[in-house]
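Visitor: All chains should be built: construct the whole structure from the sequences, respecting the hints.
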Amino acid sequence: MIHRSTFQSVSLAALLMLGASACQPVSAAGGALPAPTVDTLGSAAHSEQVAVLAGGCFWGVEAVFEHVRGVNEVIAGYSGGDADTAHYDEVSAGDTGHAESVQVHYDPALVSYGTLLRVFFSVALDPTEQDRQGPDVGSQYRSVIFYANPEQQRIASAYIAQLGAAKTFPAPIVTKVAPLRAFYPAEAYHQHYFQLHPYNPYIVINDAPKVARLQQLFPALYRLDRQVVEVQLH
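All letters in the sequence shown, in the order written, are residues -28 to -1, 1 to 206 by mature numbering (1 follows the signal peptide of the UniProt record, and there is no 0).
Because the hints were derived from the structure by calculation, they are not lab data.
All residues carry an ideal CB built from backbone N, CA and C; glycine is no exception.
Treat each hint with caution, since some may be false.
[Claimed, not checked] Computed beta-carbon distance windows for the label pairs: (1) Asn44 - Ala154: 13 to 23 Å; (2) Asp56 - Leu82: 34 to 44 Å; (3) Tyr171 - Asp56: 27 to 37 Å; (4) Val10 - Ala81: 16 to 26 Å.
Guide: Rendered as structure tokens:
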């Protein structure tokens, strides 16, 4: 496993080259994935909804969804294990049952659950990688859709089946659909990491290309997060 701290020694020129080549599309089509044929039924639910997704290091997944219109808040954290092991040092050992996850709070009148999954599979991760994403290896980096209710389970399972039947990816999708037992927010220094540390080498290489790809593939959904502007101005 390559620890995130090893990226600190990479030169800026190398970072720019690596960042430009990172996160290339793995879908057969090479572009945005098709919209789910099964999605939420209209916009009957006007209250804020929550989705919990795991797709490798939570810094990058959080960054992607913080730039999606209709998303109100994204929290980095842990899901899949117990409360007493929901701490970064323990989760990093890979034997707690936790996966690094994000809790996405969104307005269903502006963005559907199915659309969030479309972004997730198109931009945030490679769903064919087992127990890893990019340089991060271990069960804590596995990809999981943690469903909170039967509707989320139905939509997630149907979308994976849809993408699999269409052979959208060159290898089978290994992303699991599992019940949400609990979500535990990560330590404060992990929150909004992309916005607060835009020039961190790990961010430049692994996560900035994901946000750029979101803007490229989903321009109508993309927004420049207010926190990014604040970071750039100071």
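Visitor: Hints first: check each against the structure and report whether it holds.
Guide: Here is what the structure says about each hint:
Between Asn44 and Ala154 the C-beta distance comes to about 21 Å, which sits within the given range of 13 to 23 Å. Hint check: Asp56 to Leu82, Cβ distance near 37 Å, so the stated range 34 to 44 Å holds. A hinted range of 27 to 37 Å for the beta carbons of Tyr171 and Asp56 is consistent with their spacing of about 35 Å. About 19 Å separates the C-beta atoms of Val10 and Ala81, a value consistent with the hinted range of 16 to 26 Å.
Going through the hint list in order, the structure satisfies each hint without exception.
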